[in-house]
Amino acid sequence: MAQSQTLTPEVLWAQRSSATEAEKNHIFLTIMAPDVPESELKLDLQPTKLTFHGPSTSKKVTYAVDLEFYAEIDPKESKINHTARDIEMVLRKKELKAEYWPRLLKDSKRQHFLKTNFDKWVDEDEQEEAAEDDFSAMNPLGDGGMGGIDFSKLTASQSTGGLPDLGAMGGEGGDSDDDLPDDEDMPELEGDSGKPATEAEADKAAEGESKPKIEEVA
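Anchor point for the sequence shown: position 177 equals 177 in UniProt numbering, and the numbering is continuous, going up by one each time.
Since the hints were derived computationally from the structure, they do not count as laboratory data. Incorrect hints may appear among the rest.
[Claimed, not checked] Derived DEER-like restraints, expressed as beta-carbon distance ranges:
#, residue 1, residue 2, range
1, Gln5, Glu126, 36 to 46 Å
2, Asp107, Glu132, 26 to 36 Å
3, Ala98, Thr57, 12 to 22 Å
4, Lys115, Ala84, 18 to 28 Å
5, Pro37, Glu126, 37 to 47 Å
6, Pro102, Glu21, 20 to 30 Å
7, Pro102, Asp35, 28 to 38 Å
8, Ala19, Asn117, 36 to 46 Å
9, Glu128, Lys59, 23 to 33 Å
10, Pro34, Lys120, 36 to 46 Å
11, Gln127, Thr57, 35 to 45 Å
12, Asp123, Glu72, 20 to 30 Å
[To be verified] As a list, the in silico BS3-like pairs of lysine-lysine whose alpha-carbon atoms are at most 27 Å apart:
#, residue 1, residue 2
13, Lys115, Lys49
14, Lys60, Lys24
15, Lys42, Lys97
16, Lys97, Lys115
17, Lys97, Lys109
18, Lys97, Lys60
19, Lys115, Lys24
20, Lys94, Lys60
21, Lys79, Lys42
22, Lys106, Lys24
23, Lys120, Lys106
24, Lys120, Lys24
25, Lys42, Lys106
26, Lys79, Lys120
27, Lys59, Lys97
28, Lys49, Lys76
29, Lys60, Lys115
30, Lys24, Lys76
31, Lys49, Lys109
32, Lys97, Lys24
33, Lys76, Lys115
Even glycine gets a Cβ: it sits at the ideal position worked out from N, Cα and C.
Put together the whole structure using the sequences plus the hints.
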């Protein structure tokens, strides 16, 4: 039987930073690897690097990637959420620092598979205005030095991907029926006088009645 092709998955990332609050000092990392069974997924997270390997049942390929971080992270304080389409992680930066990392990886060379997660990215000077992140659907990334992950403990829903309800976040798209203008709210058409047509007609009628009729004298 032929071996499946090995591909580098797309990796999305964003970050937050803080010099005083550890829980606000982290990296958002998402590995886009759909339909990788938990039983066959291998992920090794170390303070300076991450190794991922997993076969996809639908794509008939094996995803694999090695990442060497720009600076150290704390595996014990990091979290994960495995869904049917990706592996989401929140990696706690080890050093408390107000400034952002200048990049995710130690190597400054541009990597084609690495992209900014614009859904989570905010500029460094706008962090205070950004909404608080809810990691309640995520699970701790192992214990101790962590040589792997026990995915049997994951509880996030595969169907929803453990993502928060957009409705609860006020993120519904489009307008509701209540926001659409009703016919009753539309302004009436204006007559020649600049008044609503019905009012202008009434004024003209009243004016006609008040003027005396001039009879022709033979």
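Comparing the hints with the structure gives:
1. In this structure the supplied range 36 to 46 Å holds for glutamine 5 paired with glutamate 126, their Cβ-Cβ distance being about 41 Å.
2. Checked against the given bound of 26 to 36 Å, the beta carbons of aspartate 107 and glutamate 132, roughly 32 Å apart, stay inside it.
3. Remark: the range hint 12 to 22 Å for alanine 98 to threonine 57 is contradicted by a beta-carbon distance near 44 Å.
4. For lysine 115 and alanine 84, the Cβ-Cβ distance of about 21 Å falls inside the hinted range of 18 to 28 Å, so the restraint holds.
5. At roughly 39 Å, the beta carbons of proline 37 and glutamate 126 sit within the given window of 37 to 47 Å.
6. Separation of proline 102 from glutamate 21 is about 21 Å and conforms to the stated range, judged on CB atoms against 20 to 30 Å.
7. The hint said 28 to 38 Å for the Cβ distance between proline 102 and aspartate 35, and at roughly 34 Å that hint holds.
8. The hint said 36 to 46 Å for the Cβ distance between alanine 19 and asparagine 117, and at roughly 23 Å that hint is violated.
9. Our hint of 23 to 33 Å for glutamate 128 and lysine 59 is violated, since their Cβ atoms are close to 41 Å apart.
10. Range check, proline 34 to lysine 120: about 19 Å between beta-carbon atoms, so the 36 to 46 Å window is missed.
11. For the hinted restraint 35 to 45 Å between glutamine 127 and threonine 57, the CB-CB distance of approximately 39 Å keeps it satisfied.
12. Between aspartate 123 and glutamate 72 the beta carbons are some 24 Å apart, a value that agrees with the proposed interval 20 to 30 Å.
13. Restraint check: the Cα-Cα separation between lysine 115 and lysine 49 comes to about 18 Å, which is no more than 27 Å; the hinted pair holds.
14. Only pairs whose Cα atoms come within 27 Å are accepted, and lysine 60 paired with lysine 24 is rejected, the gap being roughly 38 Å.
15. Distance hint between lysine 42 and lysine 97 is unfulfilled; the C-alpha atoms sit about 31 Å from each other, more than 27 Å.
16. Distance restraint check for lysine 97 and lysine 115: the Cα-Cα separation of roughly 23 Å lies within the 27 Å cut-off, and the hinted pair is therefore satisfied.
17. Distance restraint check for lysine 97 and lysine 109: the Cα-Cα separation of roughly 24 Å lies within the 27 Å cut-off, and the hinted pair is therefore satisfied.
18. As the CA atoms of lysine 97 and lysine 60 are separated by approximately 42 Å, the hinted pair breaks the 27 Å bound.
19. The suggested pairing of lysine 115 with lysine 24 holds, with an alpha-carbon distance near 21 Å, which does not exceed 27 Å.
20. Simply put, lysine 94 and lysine 60 have alpha-carbon atoms about 37 Å apart, too far for the 27 Å limit, and the pair is violated.
21. The straight-line distance between the Cα atoms of lysine 79 and lysine 42 is roughly 15 Å, inside the 27 Å bound, and the hint therefore holds.
22. A C-alpha spacing of about 22 Å is found between lysine 106 and lysine 24, which places the hinted pair at or below 27 Å, so the restraint holds.
23. The straight-line distance between the Cα atoms of lysine 120 and lysine 106 is roughly 22 Å, inside the 27 Å bound, and the hint therefore holds.
24. For the given pair, lysine 120 sits about 13 Å from lysine 24 by alpha-carbon distance, which is consistent with the 27 Å threshold.
25. Only pairs whose Cα atoms come within 27 Å are accepted, and lysine 42 paired with lysine 106 is accepted, the gap being roughly 22 Å.
26. For the hint linking lysine 79 to lysine 120, the alpha-carbon distance of about 16 Å falls within 27 Å, and the restraint holds.
27. With a CA separation close to 40 Å, the supplied pair lysine 59 and lysine 97 exceeds the 27 Å bound.
28. Of the supplied pair hints, the one linking lysine 49 and lysine 76 holds, its CA atoms being roughly 14 Å apart against a limit of 27 Å.
29. Taking the CA atoms of lysine 60 and lysine 115, the gap is about 24 Å. The hint holds against a cut of 27 Å.
30. At roughly 15 Å between alpha-carbon atoms, lysine 24 and lysine 76 fall within 27 Å of each other, so this suggested pair holds.
31. Among the hinted pairs, lysine 49 with lysine 109 is consistent with the structure: their alpha-carbon atoms are about 16 Å apart, no more than 27 Å.
32. With a C-alpha separation of about 10 Å, the suggested pair lysine 97 and lysine 24 falls inside the 27 Å cut-off, and the hint holds.
33. Proximity of lysine 76 to lysine 115 is assessed by CA-CA distance (about 25 Å); at most 27 Å being required, the pair is judged to hold.
In summary, the numbered hints that this structure violates are 3, 8, 9, 10, 14, 15, 18, 20 and 27.
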